[in-house]
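Trainee: Listed below are the residues making up each chain.
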Amino acid sequence: MMLTRESNIDQERLTGLLAASAEMVFSVMLKEQPRVMTPASKADGDVLHDGIISFIGLAGEWSGTGSVLCSGAAALSLASRLLLIEAKAVDQEVLDAVGEITNMIFGNFKDCVESYFGQLSLSTPSVIYGRHVRARDLPSALTAIAAVECGGEPIELKVCLSPARKSTSGAGVLVSSRYNGLR
Amino acid sequence: MAISHEIAADLSRDAHPKSTETKNENMDFLNILIVDDSAAIRKVLIRVLRQTELPLGDIREASDGQEAIEKLEEASAGLILSDINMPNMDGLQLLSRIRSEKRWKHIPVIMITTEGSKSSVLQAVELGAQGYVRKPFTAEQIKDKITSCMRNCRQ
Numbered sequence: 000m001m002l003t004r005e006s007n008i009d010q011e012r013l014t015g016l017l018a019a020s021a022e023m024v025f026s027v028m029l030k031e032q033p034r035v036m037t038p039a040s041k042a043d044g045d046v047l048h049d050g051i052i053s054f055i056g057l058a059g060e061w062s063g064t065g066s067v068l069c070s071g072a073a074a075l076s077l078a079s080r081l082l083l084i085e086a087k088a089v090d091q092e093v094l095d096a097v098g099e100i101t102n103m104i105f106g107n108f109k110d111c112v113e114s115y116f117g118q119l120s121l122s123t124p125s126v127i128y129g130r131h132v133r134a135r136d137l138p139s140a141l142t143a144i145a146a147v148e149c150g151g152e153p154i155e156l157k158v159c160l161s162p163a164r165k166s167t168s169g170a171g172v173l174v175s176s177r178y179n180g181l182r
Numbered sequence: 000m001a002i003s004h005e006i007a008a009d010l011s012r013d014a015h016p017k018s019t020e021t022k023n024e025n026m027d028f029l030n031i032l033i034v035d036d037s038a039a040i041r042k043v044l045i046r047v048l049r050q051t052e053l054p055l056g057d058i059r060e061a062s063d064g065q066e067a068i069e070k071l072e073e074a075s076a077g078l079i080l081s082d083i084n085m086p087n088m089d090g091l092q093l094l095s096r097i098r099s100e101k102r103w104k105h106i107p108v109i110m111i112t113t114e115g116s117k118s119s120v121l122q123a124v125e126l127g128a129q130g131y132v133r134k135p136f137t138a139e140q141i142k143d144k145i146t147s148c149m150r151n152c153r154q
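Protein sequences, first through last, are from chains A and B.
Last residue of the first sequence? That's 182 in numbering that gives the first Met the number 0, and every number before it is there in order.
Last residue of the second sequence? That's 154 in numbering that gives the first Met the number 0, and every number before it is there in order.
Here chain B stands alone, though its shape is the one from the complex (with noise of 0.2 angstroms):
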């Protein structure tokens, strides 16, 4: 799903280092959200983003959906990083939420899961999610599926 200017626009304005003097001040930083309701994958994720050298700005943590929607009422983000299969709001739930709020529907949404079948696939993607990756990841994965997904975003 292309999504515009509106997108990189927003990025822009997300985006909050906490230090400017080791980034670039022309470019992007990312403000990701990841949700998932497993505290060693969300550590694991932070890990990986940190290796990618991706423009990274704030990284914050969710379990589950009901929570994530709570941070995005704090702060919105400039990417969702996303688990399927989760208590309470699971992140097709979620996906379909964010995509009902005007202020939230262009965040992209990379879903990243161990649900695997092509209805999961085809749903997620039905509501509006710009990614999958299966888990397990490699940190390849994870940067270029970010990376193609920012760049489709801009377009």
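Here chain A stands alone, though its shape is the one from the complex (with noise of 0.2 angstroms):
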């Protein structure tokens, strides 16, 4: 299915490059290959999360957001491989974790779609971890969502992306900080 004229990706290639991306993080950071799933969310609509959403904005000729919905087990089982502890509680250490994480996948991902999509920037990452959590994501052109699986735990990543609009330089996300830890 071809998304739009101008980017020339379609959706699978665009899932498959973001699995792709997760999973390379995965293997050399983690010393872990990631078993790649079927995601739960759909494309489009709010996601209702209890757990760890973690945003990074891109920004360029298209711009939008990259995220990873985890669970706070799956972010527990993340950090302890990250740093070779044994993580037992979700703590800024943790959040820290899943963040950089998060950096390092849309950071491979956006040098496999920058051919697609011309020069793109990352922001830092920004963490928020909490119950009932309300995502919503701007109308975007195009939406990939791929799911790993990693120490037994589902790990959702989605991407949104727009042509930027002429006058703004700015990715359209919420990110002042690199970590909002709500509880």
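Some hints could be false.
As the list claims (entries may be wrong) - Straight line, CA to CA, 20 angstroms or less: simulated EDC-like cross-link-like pairs of lysine to aspartate or glutamate:
no.	chain 1	residue 1	chain 2	residue 2
1	A	LYS30	A	GLU85
2	A	LYS87	A	ASP136
3	A	LYS87	A	GLU60
4	A	LYS30	A	GLU148
5	A	LYS30	B	ASP57
6	B	LYS117	A	GLU85
7	B	LYS117	A	GLU60
8	B	LYS117	A	ASP110
9	B	LYS142	B	GLU72
10	A	LYS30	A	GLU113
11	B	LYS142	B	ASP57
12	B	LYS101	B	GLU139
The set of hints was computed from the structure by calculation and includes no laboratory data.
Using the supplied hints, reconstruct the complex from the two chains, each of which is provided in its own coordinate frame.
Mentor: Have a look at this one:
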């Protein structure tokens, strides 16, 4: 399915690149080959989530957001593997680890898709942790969702991109600090 | 960018190993400043550095370019490993500042970053970065980059 004339990339390819970026980060930094799964979320619509959402902004000729959704248990697993610790509670260190994994996944994804979307810049990640967190995507021309399983826990990856308006250069993302730990 | 003998001299001068009992006194101990806004990545880098068997001296941390400058004011470094995308003062601004200061301009800087675009790499090289490592990284990549960087600096 061709989604837009400008981007010249189909959703399947975009989803594949997203999953491949996660696989690469997990295998190098966490020493684990994640299993690619079918995502539970739909491409459009709100997400009501218990756990962690980590956002990162993408800006350039196209702009939007990348996000990682996972449970607290998945975050503990990610942080434990990245830092070689036994993380027992979702604290600042765990949120930091999830933010950095988000940064690496979308950093690699960005490099993979710049040939389609032009040069893109990344914001610093912003990590939200809480119950009943509702995330609403801005209307976007392209949305892709991939899911991987790491340590037995599902982790969902989502990217929403739209052509940037000429008058704006920033991504439409609420990112002002590295972490927003809401409990 | 080749850095000449000035670096080798500085590496010796900057070396302050906490213990000389287990280290060869003839080796240059490398004092490293890690600059990254992610505490997780700083922790991972310290672990990776300790796995490399490089002759390490002090390893210090800074969470952005501004803090890195403050750390350098306290004591110089033999090598800086810096992220690019950071708040307050980013890695390229830090690199530019270091290269503009006579007392620091000889310090080798390796950028460790998710930014892999050609323009970022070119900008870092033009500003005087000695090396570039993409995240995610392996211990081998870090060791190889530091080793080749230090070898070039001593030539």
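Trainee: For every hint, state whether the structure bears it out.
Mentor: Here is how each hint holds up against the structure:
no.	hint	verdict
1	A:LYS30 to A:GLU85	holds (16 angstroms)
2	A:LYS87 to A:ASP136	violated (31 angstroms)
3	A:LYS87 to A:GLU60	violated (42 angstroms)
4	A:LYS30 to A:GLU148	holds (14 angstroms)
5	A:LYS30 to B:ASP57	violated (28 angstroms)
6	B:LYS117 to A:GLU85	violated (38 angstroms)
7	B:LYS117 to A:GLU60	holds (16 angstroms)
8	B:LYS117 to A:ASP110	holds (10 angstroms)
9	B:LYS142 to B:GLU72	violated (27 angstroms)
10	A:LYS30 to A:GLU113	violated (27 angstroms)
11	B:LYS142 to B:ASP57	holds (17 angstroms)
12	B:LYS101 to B:GLU139	violated (32 angstroms)
Comparing the model with each numbered hint stated earlier shows that hints 2, 3, 5, 6, 9, 10, 12 do not hold.
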